[in-house]
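Enquirer: If you want the building blocks of each chain, they are given just below.
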Amino acid sequence: MLNKFFLKILWSRRRDYLLVVLSGIFIISMVFFSTAVGSFMSFIDTGEPAAMTPLIGDVEKVYLLPYILLLFLMLLILLSYIRKRSGDYAMLSVLGIQTKHRYRFVGMEYLGIILLSVCGGTVLGFLEAEAVRRILEGIFKDVTDHIPLGWQPFKLTLIISLIIFGLGFIICDQMICCLGVDAVAAGGRKGGKALRKSPVLLLAGILTELVAFAAAVTYWGRIGSHVPQALAAGGLFLLMLSGGGYYLSQLREHKRAYYRKLLWLDDWYHRYYYHMNMSYIVAAFLFVIIFSFMLPFFDSLPVTQPENYPHDLVWQANEGDEEFLRSLQDRYGVQAETKRSLRVATADFGEHTGISASEYEAWTGEQIELSDKEIYVVYQRDREDMGSIGLDFGNERPRMYIGNSDYDLWIFEGFRIQPGNQLVREYKIKGTKNRILTGNFKTRSLNMVCDVFEDIIVFSDREFERIRAGARGADLMVIMDIPEHYDEVAKEVYAYAKEHSQVNFYDWRAGNLIYEGRRQGIESRRQKLYGASPMLINIITLFMCVLFVLIEKVESDYEDIAWKYQFYCRSGMTQKKRKKNLGKEVLMAAKVSLCCGLSLAYFMAGEKIFDKHMPGEWNLIYLAWAAVFGCGAAGIIYLVMKLAARNTCSKIERGNRNGRKR
Amino acid sequence: MGGKGDENILDIEELERSYYADSADGKQITYSVLKGLSFQVKAGEFIGIMGTSGCGKTTLLKTLGMLDLPTGGNVRYKGVPANRILGDRLAKIRRTELAFVFQDFYLMDSLTVKENIMMPLILNEDNPEKSEQTAVRMAKQFGIGPLLNKKPYELSGGEKQRTAICRAMAADPELILADEPTGNLDSNSSMLVIKTLSHINKKMGKTIVLVTHDPKVASYCDKIILLKDGMILNTLESNGEKKEFYQKILRQMVKL
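If you read the protein sequences in the order shown, they are chains A and B. The numbering used here puts the first residue of the first sequence at 241, with every later residue one more than the last. The numbering used here puts the first residue of the second sequence at 78, with every later residue one more than the last.
Isolated chain A, as found in the complex (with noise of 0.2 Å):
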């Protein structure tokens, strides 16, 4: 029987109900698409389907931040549904339920989520992993015709569902707990102060962006984005409260426009910290959106970039390997083309290739004049890494060692390296160029701190020939074109490196120098569909978490909207005026986000995009992107929101014709 009661309730916040299981089923089917794409790109690598141990790393790894976002967006949901169900929950309290029957009816209700989300969502997650598999199978086309899902993205799925759904619901019944329903049902409602305007807050709000700015394009901000993310992300929430406050109290000053304005900025005159808190959360996601996420989204599309790896094999070799050359040349066809070099050990963690000014202009055309002591260096960055930190965590005088790197280059104390170790600052670099020579190769294999790239120093030919001779490691670099029996090359490549060549020293598989374009181009579009794909998990998750504060905040104010509505009407307002003044108080605080967000978002981008000094089209290319995607979004809102204040206005209207029926 009571049973029968509880789904009686339930059944009358079907709507409700409803929304939370879809919510529910697009989470899951996130968590399924992401840990098939894990399982795929193990595929790829290993030739077997996936593990679940090194699975549950890698997708840990790659999709952490957007889990997180995830159970974020499972908590709005929740809270807005404990909002609408706190009546019946208070109702029943009133009447006395038992501890065990609350916790049945809640267990009941969210178990019935949990089933359905996870089972929805999995079914939805297949249907994405399906369709992203046959673009996989395109795209590594030339490393397997098949790539299976397996039986391990099943079960990690239902893994971290089971974390979100149990996070989420400890999140809310802690919060139930500790603030009672009716705070929780409460939401920001409570929290609105009248309007103060601050010229303190405004400067502060002003430096704060010229710091972010700053950062953005110096140290920090080619290191990561965070820390400019974050100045930008204060900044704008008091340049908004501030600035915010100055506008309405200039508009209070002009009295015409205040009083025709008045109709729907009166709650904003009344509750400003709430609505311009509301608008600052979407403003804020807005930005993060457009300057974390969209910008490494461009960076890895498309997947396949083989301008990246113009070569088949990248050598560093030595002066008396010739002969091996010429017998592969003879016996196999190879097109092999040497250039005299020396290692360049740096204090980054790095290894690159030192050649002389002469060796470059035959190399490209392009001349450099150059002192003994100043270099020009070339880093051969693909796009992501455009932009960002230069050599030896971008001083002008970096600290090098002439000779492959080694245990004996370092003395560190914690993580300082201290006076006395051999890397020093000899070399002052006269100018830097962004060009990919022989490919877009890294250094390291462990990915322990931060990968540093194979980059090209070219020193003046004096000082290049004054330091070769003492110099330690590989001094030849070997560029190899492989036009058939691909293979059998690299077999013998690497049967006589073994025996012959510098030995890399971040390898902790000690491996030689040999970089293959064709097994690093697999593993870069591995490497970007991972940056892709949590990119996009982020941009929609963060979207709709957009919308959805924007929702509930129509949802939240709908008393007092509807308050206002019936008392122009009573007032004789006709009823396309009400519903112009209606949408207009619906539409407030998404245009103050979308102009605020996006200004910020576009500035902040603009700047990051041109520092990276790409070529012009790509420019023009990402600009045109951004643009898209940010008239794409406002249109998402603006209609959203429109349909919101539309729905709004017919409810209040509805319940004006039942009310006379009545």
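No lab work stands behind these hints, which were simulated from the structure alone. Given the structure is predicted, the values throughout are model-derived calculations rather than measurements. We put the CB at the ideal spot given by N, CA and C, even for glycine. A hint or two may mislead.
[Stated by the list, open to error] Okay, the calculated bits of chain A under chain B, using three or more residues with CB under 8 Å as the criterion:
{"no.": "1", "region": "243 to 250"}
{"no.": "2", "region": "334 to 346"}
[To be verified] A few chain A residues that don't get close to chain B, going by computed Cβ distances all over 12 Å:
{"no.": "3", "residue": "V302"}
{"no.": "4", "residue": "D385"}
{"no.": "5", "residue": "H386"}
{"no.": "6", "residue": "K670"}
{"no.": "7", "residue": "I676"}
{"no.": "8", "residue": "L782"}
{"no.": "9", "residue": "G856"}
{"no.": "10", "residue": "G872"}
Got chain A; can you put chain B on it based on the hints?
Expert: Positioned in the frame of chain A, the structure of chain B alone reads:
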């Protein structure tokens, strides 16, 4: 009068209730709603609480019903301090000994009238058949028998309130707390509701504490506590003559 005894159901001693809020300049402001109230509610009494808007009537009723805790003084329910009655013990008291009637009815639109009345019994895990019989009996007794299968949104205000009273009475509680039960009703419906409550008190021996603005409704009570600014201004007792008591209340209301 039926069922009156010397036993106190509620003992209220120096009851205080304050609320806190932030001012525009960030300072905390304290609003003292109840300022040291003391009185007793004896079994079988019908007490009315009157006062101007914002004088603390609803706050007092919520505190008496243990929906809210005092910030000072004591509320004892059958001799036990209210702040010691928690969790399942409180839930059991709410199911079996205490009932609320609200101005806004708080009926569940998803359930029929019969199911709404049965709700406290179902929550108490009573026999479903017996619960149904009780609901039907209650509905007939209070004049809503033909409405049993209707949904609350199909009822008039007076019918809704009588349904809420049936629900309150379903578990046969000792104490009924009614917060302006006639506040949303027209005068005819109000009279019907207050006569129902009076019947429950006089014939069935239930203790009732009622908050009201309406002196006519208040005249049905045995005793009236008049509140002003969170304090008891006066206590009026009825001698059984409604008209006389009504005049007495009107005279006192001028002072509010």
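Enquirer: Each hint needs a verdict: does it hold in this structure or not?
Expert: Hints and how they fare:
1. 243 to 250: Holds: 3 residues of the region 243 to 250 of chain A have a Cβ under 8 Å from chain B.
2. 334 to 346: Per the Cβ count (7), the hint holds.
3. V302: holds, 44 Å
4. D385: holds, 56 Å
5. H386: holds, 52 Å
6. K670: holds, 57 Å
7. I676: Per Cβ check, A/I676 is outside 12 Å of chain B; nearest 58 Å; holds.
8. L782: holds, 31 Å
9. G856: At roughly 53 Å from the nearest Cβ of chain B, A/G856 sits farther out than 12 Å, so the non-interface label holds.
10. G872: Nearest chain B Cβ is 40 Å from A/G872, so the label holds.
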